[in-house]
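Asker: These are the residues of each chain, in order.
Number of protein chains: 2
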Amino acid sequence: MCSRILLSGLVGLGAGTGLTYLLLNKHSPTQIIETPYPPTQKPNSNIQSHSFNVDPSGFFKYGFPGPIHDLQNREEFISCYNRQTQNPYWVLEHITPESLAARNADRKNSFFKEDEVIPEKFRGKLRDYFRSGYDRGHQAPAADAKFSQQAMDDTFYLSNMCPQVGEGFNRDYWAHLEYFCRGLTKKYKSVRIVTGPLYLPKKDPIDNKFRVNYEVIGNPPSIAVPTHFFKLIVAEAPTANPAREDIAVAAFVLPNEPISNETKLTDFEVPIDALERSTGLELLQKVPPSKKKALCKEVNCQIVVRDFSNAAIKQSKDVKLLPPPKKRN
Amino acid sequence: MCSRILLSGLVGLGAGTGLTYLLLNKHSPTQIIETPYPPTQKPNSNIQSHSFNVDPSGFFKYGFPGPIHDLQNREEFISCYNRQTQNPYWVLEHITPESLAARNADRKNSFFKEDEVIPEKFRGKLRDYFRSGYDRGHQAPAADAKFSQQAMDDTFYLSNMCPQVGEGFNRDYWAHLEYFCRGLTKKYKSVRIVTGPLYLPKKDPIDNKFRVNYEVIGNPPSIAVPTHFFKLIVAEAPTANPAREDIAVAAFVLPNEPISNETKLTDFEVPIDALERSTGLELLQKVPPSKKKALCKEVNCQIVVRDFSNAAIKQSKDVKLLPPPKKRN
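So the sequences go chain by chain: A and B. All letters in the first sequence, in the order written, are residues 1 to 329 by the working numbering. All letters in the second sequence, in the order written, are residues 330 to 658 by the working numbering.
No lab work stands behind these hints: they were computed from the structure. All C-beta atoms, glycine included, are put in the ideal place defined by N, C-alpha and C. Watch out, some of these pointers could steer you wrong.
Computed footprint of chain A on chain B; a stretch qualifies when at least three of its residues, placed anywhere within it, have a C-beta under 8 Å from a C-beta of chain A [said to hold, decoys possible]:
no.	region
1	390-397
2	410-420
3	426-433
4	535-542
5	601-607
Turn these sequences into a full structure, and let the hints guide you.
Answerer: Spelled out as structure tokens, the structure:
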């Protein structure tokens with residue numbers, strides 16, 4: 001599966017359903033030139049526009065259009081919000097043996113909440129998920145944030161959520177993948193995980209054209225339902241050799257649909273540059289290739305299926321579905 | 330049409346095809362809190378994470394994921410590029426009576442070209458359009474940049490283009506709308522136009538769910554085909570009263586499909602906050618409502634149909650389709 005993927009981008013990602021979604025894969029020779037916000041310098045020396053009273057940047061006195069990303073800096077994760085899809089672009093976490101060993105938080109005391117730092121017109125709402133048929137799918141899971149109640153509560157912001165298929169995905173295979181990530185802290189003293197949504201093109205069997213097709217939940221429709229999710233795992237400081245500078249890396253892309261537990265995790269492994277092309281993001285661009293080792297050559301990249309279903313349903317029932325009305329001060 | 334649109338977001342935008350695309354429309358009470366790039370400050374005072382060796386921002390030593398927008402500052406326009414769709418988010422232009430009166434450029438000397446400042450893996454390619462069935466649709470039109478050959482050549486960067494339906498849209502109704510915008514310089518000494526793509530949800534008549542569905546052209550598929558396009562027009566300094574501080578504003582959203590010339594331009598007019606919700610952008614946020622006048626109350630917002638078809642086809646034939654191979658230095 002992997003070599004075919006490299007050739008034509010990541011095809012055949014559907015777990016056992018023969019879906020051919022495509023992540024795209026070309027090499028990038030150049031450095032990123034990042035120009036934040038209104039560039040002040042003139043485009044080039046032979047500037048003619050001024051003699052015709054033309055000054056495009058004059059528009060910025062009315063405000064810079066953006067897009068603006070709301071970065072939220074939480075205890076266990078940082079999230080970067082996409083106002084157009086009302087999902088995060090990415091959420092990056094940090095887990096350690098110490099943080100996972102702690103038991104200072106209880107899911108019963110956390111509840112889903114809207115992220116009020118995000119302007120209301122761009123903010124995902126609790127009601128948008130109501131009867132949508134989708135789970136509020138944590139990108140940074142609550143189970144990774146047991147070291148403080150604040151850290152766990154933060155994971156329940158909707159800006160850390162995406163609509164996920166519940167049965168067979170969010171409550172099953174995806175949870176097993178989260179569990180696999182936690183297990184890495186037995187071998188590495190520090191594990192970083194970047195998680196986020198994807199909206200991948202799929203080949204139309206009739207006209208062979210590629211199309212992106214996803215649902216939007218809410219009324220008016222507001223939150224995009226991703227076709228796939230990615231996890232980029234960066235394992236640092238192996239317990240056996242904490243001083244090692246290399247990092248062990250693996251990226252996985254899973255379809256937002258029920259996945260049978262028999263499916264090998266490595267079936268979802270993708271090259272990082274294919275993930276970059278599909279997300280438009282730059283990932284680990286400052287790490288020389290020689291310093292990036294293949295995680296799945298150092299550990300057995302495989303999910304461990306626990307009898308997760310009942311435990312999860314009991315726990316998720318304890319979570320208050322709607323926040324108590326705010327006390328008027 | 331307009332009031333129904335305000336109530337439930339912008340429905341019924343299809344020109345005579347009864348398509349119900351939805352632009353979304355809620356009020357926004359709060360200011361934008363914009364946090365560019367890695368926030369340095371700690372999330373909150375009772376920081377626990379450090380006692381468990383948790384530091385999410387430690388990831389940024391490997392590079393900031395972005396998204397990064399490539400802002401291109403040209404003579405007649407500024408463009409902001411979306412690396413995920415490989416289209417611009419927006420292109421903002423500035424035209425004046427003087428700039429449109431000048432005849433210092435000839436389209437024959439311009440040719441379509443890739444924007445090499447954008448990293449190759451995110452860069453729209455000429456071959457992606459080849460036999461795609463779509464026009465390379467200027468967002469800032471060449472006809473608005475006749476005051477210098479450089480300005481006109483700049484409009485032919487693919488980072489100023491989106492895939493557009495040619496017959497009936499890019500070469501017809503859309504061109505008439507561009508012509509309407511130029512006509513405004515007869516009444517205003519300065520006209521600013523923000524143009525860009527939209528990917529709007531459409532109601533599925535079978536299950537009543539909203540879905541976004543768009544084609545992606547290129548092999549591997551790279552450039553998204555927008556479902557709609559918007560133009561936000563800001564007319565400043567009316568010739569009759571150049572000192573006036575108010576601005577006259579109108580926003581239009583057109584489906585990327587053939588539109589009959591009989592269709593009223595005002596059928597496509599939308600409230601600016603609905604455009605914001607659908608793009609995730611902030612538009613004219615620094616302009617107090619009292620300073621924003623309705624353009625279509627000051628001028629007759631109507632397209633003027635010229636016998637554009639032949640002239641356009643003859644002109645577009647003169648444009649060299651593929652750039653001559655670069656001389657090896």
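Asker: Determine for every hint whether it applies to the structure shown.
Answerer: Checked hints:
Taking a C-beta to C-beta cut-off of 8 Å, the region 390-397 of chain B contributes 8 residues in contact with chain A, enough for the three needed, and the coverage statement holds. A stretch counts as covered by a chain when three or more of its residues have a beta carbon under 8 Å from one of that chain; for the region 410-420 of chain B and chain A the count is 6, and the coverage holds. Only residues whose beta carbon comes within less than 8 Å of a beta carbon in chain A count, and the region 426-433 of chain B has 4; three or more means the coverage holds. Restraint check on the region 535-542 of chain B versus chain A: 5 residues with Cβ-Cβ distances below 8 Å, three needed, restraint holds.
Closer than 8 Å: that is the beta-carbon criterion, and the region 601-607 of chain B has 4 residues meeting it against chain A, so the requirement of 3 holds.
The structure fails none of the hints (numbered hints given earlier).
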